[in-house]
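> Working from the sequences, and respecting the hints, build out all of it.
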Amino acid sequence: MKEAEDLSQGRKLLTAVERILSDTDSLIALAEQHLRRAGGDKREASEEVVRSFSNRAAIAGGLAAAPALIPGAGTLVAALGGALADMGFLLKYEVEMALILSYLHGFDIRKDEERQLAFLLASVSTYDAKSGENALVDLAKAEGVAIWKYAPREVSKHLVSVMTKIALLQLSKGLVRALPLVGIAVGSSMNKVLTKRVGERCIRDLQKRREFLGAEATRKEQEEDVVEARVRQPAKKKSAARKSTAKKSAAGRKS
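Residues in the sequence shown are numbered consecutively from 5, following the working numbering.
What the hints contain is simulated information worked out from the structure, not anything from laboratory work.
Do not take every clue at face value.
Stated by the list, open to error - Once the Cα atoms are required to be at most 25 Å apart in a straight line, the calculated BS3-like pairs of lysine-lysine come out as: (1) Lys134 x Lys212; (2) Lys115 x Lys16; (3) Lys46 x Lys115; (4) Lys16 x Lys46.
Right, dumping it as structure tokens:
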């Protein structure tokens with residue numbers, strides 16, 4: 005029963021974040037804008053994206069704690085509803101950041117599977133940065149790389165699991181936001197630092213993914229070359245045999 009309630013919290017948070025995400029075209033336009041400002045340097049553009057979204061997350065953290073200034077009901081909202089509202093906005097910015105970073109690293113975020121992977125990457129990074137633990141410690145033995153191997157159904161399942169962990173963690177640590185002014189300052193500074201860490205990890209993992217895909221492509225090319233060489237070899241022998249037979253026949257005619 006408790007597990008079902010916990011999963012319900014995770015699904016609610018996931019649904020809420022999905023509803024407030026910016027559309028894909030807007031995110032691509034923003035990515036291109038950062039890329040132009042960086043003069044086409046994707047690394048510099050990625051770093052600027054992280055800085056920009058860190059600032060957005062800081063503003064969201066301060067606003068989420070603002071209801072604490074209202075006595076009574078405001079304190080309750082800040083401690084419970086405010087905590088999850090803050091996390092919802094934080095995840096919105098971090099998922100959007102992960103999508104833009106994915107685009108800058110050459111992945112097509114118009115595809116559903118790419119959007120889902122970016123969502124999982126942001127969620128795992130958020131939980132790990134916030135808790136100091138590995139959200140997929142039992143599955144992601146090759147941290148970062150393992151995520152790219154998940155089938156869509158696995159991504160969806162793990163996404164709900166991680167969102168549940170985030171919701172429970174946020175509720176357990178949300179009481180500090182019930183303190184007027186202190187909650188605003190803490191929420192703002194924590195969100196900025198957290199989002200920066202998440203962005204930096206996203207960049208590292210996306211670079212690992214590019215390296216992984218590059219290595220896979222090279223391995224497949226090498227395997228194809230080996231197969232092609234094996235197929236061609238008998239043909240060469242047959243051709244050589246024909247030439248030998250032709251030479252013998254020519255020699256016989258001359259004699």
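> With reference to the structure, classify each hint as holding or not holding.
Evaluation of the provided hints:
1. Taking the CA atoms of Lys134 and Lys212, the gap is about 22 Å. The hint holds against a cut of 25 Å.
2. Among the hinted pairs, Lys115 with Lys16 is consistent with the structure: their alpha-carbon atoms are about 24 Å apart, no more than 25 Å.
3. For the given pair, Lys46 sits about 21 Å from Lys115 by alpha-carbon distance, which is consistent with the 25 Å threshold.
4. For the hint pairing Lys16 with Lys46, the CA-to-CA distance comes to about 35 Å; that exceeds 25 Å, so the pair is violated.
Checked against the numbered hints given earlier, the structure breaks only hint 4 and satisfies all the rest.
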